[in-house]
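Chemist: Protein chains in written order, with the working numbering: chain S, 1 to 256; chain Y, 1 to 256.
The hints are simulated quantities; they were obtained by calculation from the structure and are not laboratory data.
For every residue, glycine included, the Cβ atom is placed at its ideal position computed from N, Cα and C.
One or more of the hints may lead you astray.
Just a few of them, taken from the derived set where beta-carbon distance is under 10 Å, the chain S residues facing chain Y [what the hints assert, rightly or not]: (1) 42; (2) 98; (3) 146; (4) 155; (5) 163; (6) 232.
In the SDA-like style, the derived pairs of lysine to any residue whose C-alpha atoms are separated by at most 25 Å in a straight line are [stated by the list, open to error]: (7) Y:55 x S:44; (8) S:16 x S:254; (9) Y:127 x Y:252; (10) S:205 x S:254; (11) Y:252 x Y:242; (12) Y:252 x S:154; (13) S:169 x S:154; (14) S:169 x Y:151; (15) Y:252 x S:79; (16) S:55 x Y:120; (17) Y:252 x S:255; (18) S:169 x Y:150; (19) Y:172 x Y:191; (20) Y:252 x S:256; (21) S:169 x Y:155; (22) S:55 x Y:156; (23) S:55 x Y:242; (24) S:252 x S:24; (25) Y:169 x S:150; (26) Y:169 x Y:156; (27) S:205 x S:256.
One-sided and incomplete, this derived list gives chain Y residues near chain S with beta-carbon spacing under 7 Å [stated by the list, open to error]: (28) 34; (29) 35; (30) 41; (31) 42; (32) 45; (33) 47; (34) 142; (35) 145; (36) 154; (37) 156; (38) 159; (39) 162; (40) 233.
There are 2 protein chains.
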Amino acid sequence: MLGIFDSGIGGLTVVKELLRRAPDASFVYLGDTARTPYGTKGEETIIRYALDDAKFLIDRGATALIVACNTVSAYAIPALKKAYPAIPIFDVLTPAIRAATSSSASRIGILGTSATVRSGAYERALKTVRSDLTVTSVACPLFVPLVEEGWLHDDVTRMVVARYLAPLKEAKVDTVILGCTHYPLLQSLIAEEMGSDVTIIDSPKAIMDEVMDAHADLLNTNKDQQFWFTDLQPATASIASHWLEREIEVRKGEVG
Amino acid sequence: MLGIFDSGIGGLTVVKELLRRAPDASFVYLGDTARTPYGTKGEETIIRYALDDAKFLIDRGATALIVACNTVSAYAIPALKKAYPAIPIFDVLTPAIRAATSSSASRIGILGTSATVRSGAYERALKTVRSDLTVTSVACPLFVPLVEEGWLHDDVTRMVVARYLAPLKEAKVDTVILGCTHYPLLQSLIAEEMGSDVTIIDSPKAIMDEVMDAHADLLNTNKDQQFWFTDLQPATASIASHWLEREIEVRKGEVG
Numbered sequence: 001m002l003g004i005f006d007s008g009i010g011g012l013t014v015v016k017e018l019l020r021r022a023p024d025a026s027f028v029y030l031g032d033t034a035r036t037p038y039g040t041k042g043e044e045t046i047i048r049y050a051l052d053d054a055k056f057l058i059d060r061g062a063t064a065l066i067v068a069c070n071t072v073s074a075y076a077i078p079a080l081k082k083a084y085p086a087i088p089i090f091d092v093l094t095p096a097i098r099a100a101t102s103s104s105a106s107r108i109g110i111l112g113t114s115a116t117v118r119s120g121a122y123e124r125a126l127k128t129v130r131s132d133l134t135v136t137s138v139a140c141p142l143f144v145p146l147v148e149e150g151w152l153h154d155d156v157t158r159m160v161v162a163r164y165l166a167p168l169k170e171a172k173v174d175t176v177i178l179g180c181t182h183y184p185l186l187q188s189l190i191a192e193e194m195g196s197d198v199t200i201i202d203s204p205k206a207i208m209d210e211v212m213d214a215h216a217d218l219l220n221t222n223k224d225q226q227f228w229f230t231d232l233q234p235a236t237a238s239i240a241s242h243w244l245e246r247e248i249e250v251r252k253g254e255v256g
Numbered sequence: 001m002l003g004i005f006d007s008g009i010g011g012l013t014v015v016k017e018l019l020r021r022a023p024d025a026s027f028v029y030l031g032d033t034a035r036t037p038y039g040t041k042g043e044e045t046i047i048r049y050a051l052d053d054a055k056f057l058i059d060r061g062a063t064a065l066i067v068a069c070n071t072v073s074a075y076a077i078p079a080l081k082k083a084y085p086a087i088p089i090f091d092v093l094t095p096a097i098r099a100a101t102s103s104s105a106s107r108i109g110i111l112g113t114s115a116t117v118r119s120g121a122y123e124r125a126l127k128t129v130r131s132d133l134t135v136t137s138v139a140c141p142l143f144v145p146l147v148e149e150g151w152l153h154d155d156v157t158r159m160v161v162a163r164y165l166a167p168l169k170e171a172k173v174d175t176v177i178l179g180c181t182h183y184p185l186l187q188s189l190i191a192e193e194m195g196s197d198v199t200i201i202d203s204p205k206a207i208m209d210e211v212m213d214a215h216a217d218l219l220n221t222n223k224d225q226q227f228w229f230t231d232l233q234p235a236t237a238s239i240a241s242h243w244l245e246r247e248i249e250v251r252k253g254e255v256g
């Protein structure tokens, strides 16, 4: 059974992509909504939270982990692999790097949380694969709250997008990596601002390509689909159902 | 010794007001930056976090508590009083209510986090004191991230302020309560949007009036001033120092 986790509801974009390809897949999802967001926090805290989340999923039967959070992918993969050496662990960063470097990209833009950008993880990984690349990274701390406010096609959001994307336009990037699972919800505004010549790499699609290749066996199972959140509010089920475009039941779990 | 806590750095607006009045006060401050924000979370989580925070401060010698967080003030005061019946506990809500109702206000607007507005705590308290009042509440989830992004005098922030304040202008409120400790940093934009006839109640000032009246003895002490945060990043000390307009040292603590 797949275990999928994120700091909150953002990772549901990965679940949505999984369900599009394998509607009967079995998985347990954890959104750490009681401690969200991770992307504004420090390395030590992010690693501690990632280990708590992985333990929760493994205790519930996960035999492979999808880290559906770029911030965790940027900081905590070595700690997770050390803690669980026998469990396959997929991060969202590696497939996005692969998708970006296999295209004809030469100037790449990264959009991410403050923590992801500060980590330099994308830059290091891109340069390791292709040292000729130019990389420009921008932290976009307002994107997550704008998405959570539901202002997806809004003049305010359009202004914020223009502000954050200005350095990428100035650097004339040809490829943009959406380095946070919330950002695909702003993809049309970002594409509009960047223009149609720029390729946009969407992490949920990239990671599911990778998982489908490696673990097709995990996907055609008995459709045991669990959604756990560490903070549950009256609106959590309807917000999660809205993101997934299907009705789901949610449960409350404790981590840490 | 005073114990002061908030979900993060917002409560430093209360510390700043304390230091303005009593530069030699002794206090221990806790910002729960590892789990911030509280204002997007549910009642059970908020109460649990408030009890953790209070325990941390009492363990470090606090003999009175200032809850410098409106979200905690809206949900967790009964739980805190039950857990610590012998300790004076000041919330930020009560003094703001007192300041608002002692003026000639008749139509009051409340700005707060999603959790504070959902609680209805301000409305209930205002109506208990003066049943003739009309109250309009608006959740402003983007204000905290805008303040933390540092866009205090920015066109984007101006647009968001106009959007959130529209229902208050429509209701022709004569008084606005800034129901979150981050919001005083947007006070000039809010005042500009509302116009000069509207009174703005600033919680840090209101709560320090109350504390000075009740516990003047606590303030002239040996200047033991401690700043603890549950998540510490390279920039935490400089951000906190910037908010307080003085250099401070910060320490890392664990709660929960």
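Chemist: Hint by hint, say whether it matches the structure.
Modeler: Verification of the supplied hints:
1. Interface hint at residue 42 of chain S: satisfied, since its Cβ lies 4 Å from the closest Cβ of chain Y, which is below the 10 Å cut-off.
2. Among the interface hints, the one on residue 98 of chain S is violated; its C-beta lies about 30 Å from the nearest C-beta in chain Y, farther than the 10 Å criterion.
3. For residue 146 of chain S, the interface hint holds, since its Cβ comes within 10 Å of a Cβ in chain Y; the closest pair sits about 7 Å apart.
4. Annotation: interface hint on residue 155 of chain S holds; nearest CB of chain Y at approximately 7 Å, less than 10 Å.
5. Because the beta carbon of residue 163 of chain S sits about 7 Å from the nearest beta carbon in chain Y, less than 10 Å, this interface hint is met.
6. Given the 10 Å rule on beta carbons, the hint for residue 232 of chain S holds: about 6 Å separates it from the nearest Cβ of chain Y.
7. Distance check on the hinted pair: residue 55 of chain Y and residue 44 of chain S sit about 23 Å apart at the alpha-carbon level, within 25 Å; holds.
8. Taking the CA atoms of residue 16 of chain S and residue 254 of chain S, the gap is about 24 Å. The hint holds against a cut of 25 Å.
9. With a C-alpha separation of about 41 Å, the suggested pairing of residue 127 of chain Y with residue 252 of chain Y is violated against the 25 Å cut-off.
10. With a CA separation close to 29 Å, the supplied pair residue 205 of chain S and residue 254 of chain S exceeds the 25 Å bound.
11. Proposed proximity of residue 252 of chain Y and residue 242 of chain Y is supported: the alpha carbons are some 18 Å apart, at most 25 Å.
12. The suggested pairing of residue 252 of chain Y with residue 154 of chain S is violated, with an alpha-carbon distance near 39 Å, which exceeds 25 Å.
13. Between the alpha carbons of residue 169 of chain S and residue 154 of chain S the distance comes to roughly 21 Å, so the proposed pair stays at or under 25 Å and holds.
14. Restraint check for residue 169 of chain S and residue 151 of chain Y: satisfied, since their Cα atoms lie roughly 21 Å apart, inside the 25 Å limit.
15. With a CA separation close to 21 Å, the supplied pair residue 252 of chain Y and residue 79 of chain S stays within the 25 Å bound.
16. For the given pair, residue 55 of chain S sits about 37 Å from residue 120 of chain Y by alpha-carbon distance, which is inconsistent with the 25 Å threshold.
17. Between residue 252 of chain Y and residue 255 of chain S the CA atoms are separated by roughly 21 Å; this keeps the pair inside 25 Å, and the hint holds.
18. At roughly 23 Å between alpha-carbon atoms, residue 169 of chain S and residue 150 of chain Y fall within 25 Å of each other, so this suggested pair holds.
19. A threshold of 25 Å between alpha carbons decides the hint, and for residue 172 of chain Y with residue 191 of chain Y the separation of about 14 Å falls inside it, so the pair holds.
20. Between residue 252 of chain Y and residue 256 of chain S the alpha-carbon distance is near 18 Å, which keeps this suggested pair within the 25 Å criterion.
21. With a C-alpha separation of about 21 Å, the suggested pairing of residue 169 of chain S with residue 155 of chain Y holds against the 25 Å cut-off.
22. Using a Cα cut-off of 25 Å, the hinted pair residue 55 of chain S and residue 156 of chain Y is violated, with the two alpha carbons roughly 41 Å apart.
23. Using a Cα cut-off of 25 Å, the hinted pair residue 55 of chain S and residue 242 of chain Y is violated, with the two alpha carbons roughly 38 Å apart.
24. Only pairs whose Cα atoms come within 25 Å are accepted, and residue 252 of chain S paired with residue 24 of chain S is accepted, the gap being roughly 23 Å.
25. Using a Cα cut-off of 25 Å, the hinted pair residue 169 of chain Y and residue 150 of chain S holds, with the two alpha carbons roughly 23 Å apart.
26. Between residue 169 of chain Y and residue 156 of chain Y the alpha-carbon distance is near 19 Å, which keeps this suggested pair within the 25 Å criterion.
27. For the given pair, residue 205 of chain S sits about 30 Å from residue 256 of chain S by alpha-carbon distance, which is inconsistent with the 25 Å threshold.
28. Taken as an interface hint, residue 34 of chain Y checks out: its beta carbon lies about 5 Å from the nearest beta carbon of chain S, inside 7 Å.
29. At a threshold of 7 Å, the smallest CB-CB gap from residue 35 of chain Y to chain S is about 5 Å, leaving the interface hint in force.
30. Because the closest C-beta pair between residue 41 of chain Y and chain S is about 5 Å apart, less than 7 Å, the hint holds.
31. At a threshold of 7 Å, the smallest CB-CB gap from residue 42 of chain Y to chain S is about 4 Å, leaving the interface hint in force.
32. Interface restraint check: residue 45 of chain Y against chain S, minimum CB-CB distance 5 Å, threshold 7 Å, status holds.
33. Hint on residue 47 of chain Y is violated. Least Cβ distance to chain S is approximately 12 Å, over the 7 Å limit.
34. Because the closest C-beta pair between residue 142 of chain Y and chain S is about 6 Å apart, less than 7 Å, the hint holds.
35. Because the beta carbon of residue 145 of chain Y sits about 4 Å from the nearest beta carbon in chain S, less than 7 Å, this interface hint is met.
36. Given the 7 Å rule on beta carbons, the hint for residue 154 of chain Y is violated: about 9 Å separates it from the nearest Cβ of chain S.
37. With its C-beta approaching chain S no nearer than about 5 Å, residue 156 of chain Y sits inside the 7 Å limit, and its interface hint holds.
38. Because the closest C-beta pair between residue 159 of chain Y and chain S is about 5 Å apart, less than 7 Å, the hint holds.
39. The closest approach between the C-beta of residue 162 of chain Y and any C-beta of chain S is roughly 10 Å, which is over the 7 Å cut-off, so the hint fails.
40. Hint status for residue 233 of chain Y relative to chain S: holds, with the closest Cβ pair at about 4 Å, below 7 Å.
Going down the numbered hints, you'll see the structure goes against 2, 9, 10, 12, 16, 22, 23, 27, 33, 36, 39, while the others check out.
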